[in-house]
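Novice: Spelled out from the first residue to the last, the chains are:
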Amino acid sequence: MTNPIANSAATFSIRKGGIRWGEATIKLWLRICTTLSLVTTVAIVVLLLGESLGFFRAVSPAEFFLGTRWIPLIKPSSYGVLPLVWGTTVITVGAAIIAIPLGLASAIYLSEYASDRMRAWIKPILELLAGIPTVVYGYFALTFITPLLRHFIPAIQVFNALSAAIVVGIMILPTIATLSDNALRAVPVSLRQAAYAVGATSYEVTTRVVVPAGLSGVMASFLLAVSRAIGETMAVTLAAGQTPNLNLSLLESIETMTAYIVQISLGDTPSGSIAYQTLFAVAMVLFIITLTINIVSQWILGRFREVYD
Amino acid sequence: MAFLDEQGQKNLAGRHRKARLFSLLCALVTWSSVLMLLVLLIRITMDGIGWLDLHFLTSFPSRFPEKAGLKSALVGTLWVILLVAVVSIPVGVSAALYLEEFSKRGRLGTLIEVNIANLAGVPSIVYGILGLAIFVRFFALERSLISGALTMSLLILPVIIIASREAIKTVPMSIRYAALSLGATRWQTTWHHVLPSAFPGIMTGVILALSRAIGETAPLILIGAASFVAFLPKNLMDSFTALPIQIFSWASRPQVEFQHLAAAGIIVLLAVLLLMNATAIYIRNKTEKRLK
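In order, the protein sequence lines correspond to chains B and F. Position in the first sequence counted from 1, then plus 342, gives you my numbering. Position in the second sequence counted from 1, then plus 114, gives you my numbering.
Bound-form chain B, shown alone (with noise of 0.2 angstroms):
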């Protein structure tokens, strides 16, 4: 990690006196390009913070954070944000249900049963279905999950809760299996030995010695997928639409904060309306949610993460 010659005070350049302005130009260049990382960052917070406060100087925080209905744009409108949290609650919830067990069970078989032949099969192409952009997830759970699904559920909407989070579920998949296998991995091969040599079997070994031992590692892929599907956009707009509700009915239509931005941003909105504002409050709460979730999961890597040498 740490660079002994970065780390170290002596100076290795042999200058008596005078400042090599050449050096010094390209360390200022470098040194704004490193900072250019945090400006990003203030610059997001001073944003979302400032919009969000010019629009809660026209809706109460009370009825943004509590309100039940969401209608931006037709009057009389309402700016309860509750049923697009909904939305996304509904989706990722469905998406971890369907990516966690499959996710962990790849993991499992690329770490404890694959042969290496099978693993440098698998693992490329696991990181080539992470690797595939998100609109065409949209279109094939447009075009080939909500037909399949009506095969069994007539009743089925064309835009569904139920197709969005089946293919968020399947686009997730890969970093949980991928990001788990490289923790499984890290659990040294000693453990497993000793396991086995008390007579366990390969399913004991892996349930109650290697995830337990790997599971810093594996909580925090789970929590990294749940983010990336709280800030997916494109997939879940293509296949949920766009009726804001908090029905519990996966069948139907239903909106999530992502897909509401977009919505919003293909339409013409005028700088400093409302529906302009309601944006910047909107992707204020997604922010929120996703940094605290990536905060715990490296707040869990570094706190329960098991050391081995």
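Read the hints as simulated data drawn from the structure, not as lab findings. Where hints are given, some of them may not hold.
[What the hints assert, rightly or not] Residues from chain B that keep clear of chain F, each with C-beta distances beyond 12 angstroms, as calculated:
| # | residue |
| --- | --- |
| 1 | 381 |
| 2 | 404 |
| 3 | 405 |
| 4 | 419 |
| 5 | 435 |
| 6 | 436 |
| 7 | 544 |
| 8 | 555 |
| 9 | 629 |
[What the hints assert, rightly or not] One-sided and incomplete, this derived list gives chain B residues near chain F with beta-carbon spacing under 10 angstroms:
| # | residue |
| --- | --- |
| 10 | 364 |
| 11 | 372 |
| 12 | 373 |
| 13 | 464 |
| 14 | 470 |
| 15 | 475 |
| 16 | 476 |
| 17 | 500 |
| 18 | 615 |
| 19 | 616 |
[As the list claims (entries may be wrong)] If you anchor each label on the Cβ, the simulated ranges turn out as follows:
| # | chain 1 | residue 1 | chain 2 | residue 2 | range |
| --- | --- | --- | --- | --- | --- |
| 20 | F | 342 | B | 637 | 38 to 44 angstroms |
| 21 | F | 152 | B | 496 | 24 to 30 angstroms |
| 22 | F | 156 | B | 533 | 39 to 45 angstroms |
Note that CB positions come from ideal geometry on N, CA and C, so glycine has one too.
Using the hints provided, position chain F relative to the given structure of chain B.
Specialist: This is chain F only, laid out in the frame that chain B set:
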């Protein structure tokens, strides 16, 4: 088997059966993911291959599906990627060099490190909103090529910085000591020795980051890339469209013909992505051999 009575024998057999079943289940799940990729690819190819021809690649979009093509989207995507590369590679690699070779580890360094990791996890649509407010509105760059490229650059910068740092970390310390002991300055060491050694690794990371930018749709929709552009952008301030935007706009129409156009567009998009990924893997394999 003198150690176990009849009950013990039974238990043992049961445990082994459970283990076999479990391994089979895991294998089955994994193979179904592979199958899923196959279904997806075959399905899209079947939908789109009939519409994919030279006419499709060289025509502008149209209200009539049989006349429509993705010339403007393809050219738009190439422009965006070129601009994103020009902006994000120098800035990203510079930041990585600073963090690895120049900065002293301290509270600020840790802060920047945590910050970059978190930026990489911010949903792409939030970057779109940032681009809309800053580039489109504040700097009045309008819904132009340059707005799109700058927004995308911000989006992939954390990815490039993280990948470049990993590559720079693999350069052995001995190379730095050798250069420094001969009197090179820190920057001369970095520029003439560290950077060339880390170059292949950096390139792999950069290409993967750029291929992420190619597939991103949401930020471009936010900054207002149009879905119907019947001309090619001539300068940085022109409005533009891109492959994923065009695919999204076709896919969201109800007519079957447009769905097929979307599938044909997806084939082109995936072909571009595959080409870039293959290049990245080629570079990686080639350098791995050289280092051995």
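Novice: Against this structure, judge whether each hint is valid.
Specialist: Hints and how they fare:
no.: 1; hint: 381; in the structure: violated (10 angstroms)
no.: 2; hint: 404; in the structure: holds (24 angstroms)
no.: 3; hint: 405; in the structure: holds (22 angstroms)
no.: 4; hint: 419; in the structure: holds (21 angstroms)
no.: 5; hint: 435; in the structure: holds (17 angstroms)
no.: 6; hint: 436; in the structure: holds (17 angstroms)
no.: 7; hint: 544; in the structure: violated (5 angstroms)
no.: 8; hint: 555; in the structure: holds (18 angstroms)
no.: 9; hint: 629; in the structure: violated (5 angstroms)
no.: 10; hint: 364; in the structure: holds (8 angstroms)
no.: 11; hint: 372; in the structure: holds (4 angstroms)
no.: 12; hint: 373; in the structure: holds (6 angstroms)
no.: 13; hint: 464; in the structure: holds (6 angstroms)
no.: 14; hint: 470; in the structure: holds (7 angstroms)
no.: 15; hint: 475; in the structure: holds (3 angstroms)
no.: 16; hint: 476; in the structure: holds (7 angstroms)
no.: 17; hint: 500; in the structure: holds (8 angstroms)
no.: 18; hint: 615; in the structure: violated (13 angstroms)
no.: 19; hint: 616; in the structure: violated (16 angstroms)
no.: 20; hint: F/342 <-> B/637: 38 to 44 angstroms; in the structure: holds (41 angstroms)
no.: 21; hint: F/152 <-> B/496: 24 to 30 angstroms; in the structure: holds (28 angstroms)
no.: 22; hint: F/156 <-> B/533: 39 to 45 angstroms; in the structure: holds (42 angstroms)
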